[in-house]
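Those protein sequences? They're chains U and V, same order as listed.
If you're matching positions, the first sequence starts at 330 in the numbering used here and goes up one per residue.
If you're matching positions, the second sequence starts at 330 in the numbering used here and goes up one per residue.
Wrong hints could be hidden among the right ones.
Copies of one chain are not kept apart here, so a pair can be met inside one copy or by any two copies together.
Stated by the list, open to error - Quick list of in silico lysine to any residue cross-link-like pairs, SDA-like style, CA-CA up to 20 Å:
(1) K729 to F793
(2) K523 to E513
(3) K678 to K788
(4) K569 to P745
(5) K662 to A603
(6) K579 to G517
(7) K678 to S534
(8) K758 to D564
(9) K359 to R370
(10) K579 to P736
(11) K390 to R457
(12) K390 to E467
(13) K575 to T679
(14) K579 to T519
(15) K523 to R509
(16) K810 to E376
(17) K759 to T551
Keep in mind the hints are simulated off the structure, nothing from the lab.
The model shown is predicted, which means the values in this text are computed figures rather than measured ones.
Number of protein chains: 2
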Amino acid sequence: MPSKTLRTDTETTPLANGSLGDMSPSEFRKHAAEFTEWIIRYLEHPERYKVLADVAPGDIKAKLPGSAPEQPESMESIFSDLDSIIAPALTHWNHPGFMAYFSNTASKPGILGEFVSAAINPNAMLWRTGPAVVELEEVVLDWLRQLLGLSADFYGLIHEGASLASLVALAAARESLNLRIREEGMIGRTDLPKLRVYASEHSHSSIDKAAIILGVGQSGITKIESDAEFRMIPDALERKIEIDLKQGVKPMAVVATVGTTSSTAVDPVKEIAAICRRYNIWLHIDAAYAGSAAVLSEKRWIFEGSETADSIVVNPHKWLFVPVDCSVLYCRKPDILRRAFSLIPEYLKTNEEVRNPMDYGVTLGRRFRALKLWFVIRTFGAEGIRERLRYHIQIAQDFKSWIEESPDFELIAPAPFSVVCFRYNPSGKKLHPAEIDKLNETLMERVNSTGEVFLSHTKLRNCFVLRIAIGNLGTTERHVKRAWELLQEHSGTPRSA
Amino acid sequence: MPSKTLRTDTETTPLANGSLGDMSPSEFRKHAAEFTEWIIRYLEHPERYKVLADVAPGDIKAKLPGSAPEQPESMESIFSDLDSIIAPALTHWNHPGFMAYFSNTASKPGILGEFVSAAINPNAMLWRTGPAVVELEEVVLDWLRQLLGLSADFYGLIHEGASLASLVALAAARESLNLRIREEGMIGRTDLPKLRVYASEHSHSSIDKAAIILGVGQSGITKIESDAEFRMIPDALERKIEIDLKQGVKPMAVVATVGTTSSTAVDPVKEIAAICRRYNIWLHIDAAYAGSAAVLSEKRWIFEGSETADSIVVNPHKWLFVPVDCSVLYCRKPDILRRAFSLIPEYLKTNEEVRNPMDYGVTLGRRFRALKLWFVIRTFGAEGIRERLRYHIQIAQDFKSWIEESPDFELIAPAPFSVVCFRYNPSGKKLHPAEIDKLNETLMERVNSTGEVFLSHTKLRNCFVLRIAIGNLGTTERHVKRAWELLQEHSGTPRSA
């Protein structure tokens, strides 16, 4: 093969200067087949890599040239660097031992969806710039809405991530107050009440970030206390709202979390929704992780009361086997989203009576993300998705039962889904809390350094807590058992399993 | 092949319940090869489709099932729908006759980059969650920085689009004022001056959107008048700043546009930067489209003066052959970005002394977008990129010369890159301005309805203006000539070319 892969295929792309094309069909066919094999090897044998790579900051950079090549390089040289420099220095999210954060899966149908979507490369800012893109998104998000049991008046749109989706939702909440903030801003206005966003103390940091960006500020966020199971206490919420109202503070939004990031606690949506209705406050539900579980009839309760919520975010790229990125914002008041965001410059004006996605969020350009979600839902089928989620929950619950049965470990949170929070606390020893924290930190480092599994931590009630998160299609009972063995071995506990 | 594509490949993925896997290696190989052939056909023969599909709103939706399938469907059925329902209803961004908005290209190396990136599926929120992802991004963005001739102290990060990148930049500008807006918000504070964002009257709507989101409001944006070539007038900017300062208004940011969306005008960065230095104002440069042209020595002048700018956005997904999405924000003050955005929850705390991307923007989860940019820059080489940009500019300039030579068409803006703004204005007829507008609108509709080309419009000096934008690798002299023929035919002008 020639060293320059970039030459014109004159049969198919007639070019004026003979060099404009990027890769001939036959070369593309060859390289696509090579990458397909690379992907197959990568996905089928992830365990040849340590989950966390043995690299130090700067290691990868040191191996790469400091500037771009002047002349074209062959795909072979890229291929070789991918194998020797990039792959060994990845954190392997699709390793079955990846049990940190929220583990996820780029399923093969999802990967193929991205492949096709990149080739079509539409920009779905307007219906006109991608009729099938915009309509398929509407259809697939309606499928997902039905699968999750959400009411029919929720209008969905895909965003990059939940941070952005929640920002969009809270911007709409601000606009819904009719305070002319869009037009006149927030500064120096004597007619504006102080605004407040309420969220549980376990809510995601993206809510704080959104409040900061929107000019509400950290002082405009009230964190509501939670109960013994880390769920927001509705009475505490109502008390804070009452106090605020008496002081002339205007509630802007309440954020209920369905599946908190630390412990996957589910705030009581029904009670919170009732309070929001009573006080006429925008209710945003952050169900980025756990929302997907509502496909299961036995988990459908998590969205009970959501029919009067204003917005809900669910991330199919977390627990629905779709590659990152795909975060869905459902909103019952698209007209308010539109009021918050629509700005149509002359060059984007069209005549169609349609919903143009650019009017409902921050971004103008948008990829064809609905395609991968369509591929995934169709190839798995609703039943296939349910079966896999049930299995993830089942193996996480197995792990939970081992923790509960062990005298040397303790469960720290209820674990309603596929994440278990626990810690090592050896029986018979009266340890200082700081010592227990240190023991667990060391234990996590030791277990992670084996490269067989990757666990992450959090803090709950100010204690250092270990987390095991199941969400990858490759993760099976065997991997969870192995994680348990490693935890026992490295804590010096005799194996009980 | 069996009707259910989802079955376990027991040789490679041992599973507890025998059905967790999504697609066997051999099935993935088969389908990847099928999609590769589909992509080859799609990209090599785009002209079998009309650029704009003959569809009406709702047409696609009507052909799709109203709810998700319960049981898995075969990849064959998806394939068939892709061909019969989706592909014919797309606006074909990679059609060589796509000359609307800013036309772009998903080059084949870029498509392969997305394919691999979807399979690796890392979430590059932290260095720890993808060491190679974070470092490759740093390296490739430094390559690009050098290619564009930007000074060495610009730190780059990839965002979804320029709307988001500019929001991030303006949030940093707000934070740079040290007004404790992050902590205390913007409402009811007697210590806060009114803030102002200055941008040319031709700046992109995303600047307005960012100001709205950030609580500055539409009244906090001052549009600066432009000269005969649609470039911001520095003196007019300075006058507005002076007036504001006298009235106690605090300048928050100046946005200079390098390549406006309507006419690709280049604001005089050097003069604007001098004003920003004098008054100590954050300078953000929106070079989303035209920034890529700085790879050419003869276009390097567009960034003259940028060395004291605070932030610059350039979109490789516009004119650098990278599939959507890839927008780069360069910032000389990453510490301020960090102050504006960093919020590190306990569960994401790590020990490494590194730059974690999540601290520098809105989003937490981030795809491996650097990979496709790396593939593209390496396979094209810097020279290959320059050659193609020069060719695009050359064929656009050819078109411009035809317009200039025609007695019945007129050039409306200077066209420094590959976009030409023009209109039909038949000689010898004294038409009312509204009549000329109507003629051009009708002409655009007629030309677009042929399906051979897709042109878009804008308004300049309140006149309806046609635009031709060259940015696709498949577009050659032949296509530009054909567009010119169609414009002449459908306006009733005798062919002059």
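Results for each hint:
no.: 1; hint: K729 to F793; verdict: within (18 Å within a copy, 67 Å between copies)
no.: 2; hint: K523 to E513; verdict: both (15 Å within a copy, 10 Å between copies)
no.: 3; hint: K678 to K788; verdict: between (50 Å within a copy, 11 Å between copies)
no.: 4; hint: K569 to P745; verdict: neither (28 Å within a copy, 58 Å between copies)
no.: 5; hint: K662 to A603; verdict: within (18 Å within a copy, 45 Å between copies)
no.: 6; hint: K579 to G517; verdict: both (17 Å within a copy, 12 Å between copies)
no.: 7; hint: K678 to S534; verdict: between (37 Å within a copy, 13 Å between copies)
no.: 8; hint: K758 to D564; verdict: neither (39 Å within a copy, 76 Å between copies)
no.: 9; hint: K359 to R370; verdict: both (17 Å within a copy, 15 Å between copies)
no.: 10; hint: K579 to P736; verdict: neither (50 Å within a copy, 63 Å between copies)
no.: 11; hint: K390 to R457; verdict: between (43 Å within a copy, 15 Å between copies)
no.: 12; hint: K390 to E467; verdict: between (42 Å within a copy, 8 Å between copies)
no.: 13; hint: K575 to T679; verdict: neither (47 Å within a copy, 42 Å between copies)
no.: 14; hint: K579 to T519; verdict: both (14 Å within a copy, 18 Å between copies)
no.: 15; hint: K523 to R509; verdict: both (14 Å within a copy, 16 Å between copies)
no.: 16; hint: K810 to E376; verdict: within (15 Å within a copy, 56 Å between copies)
no.: 17; hint: K759 to T551; verdict: neither (37 Å within a copy, 66 Å between copies)
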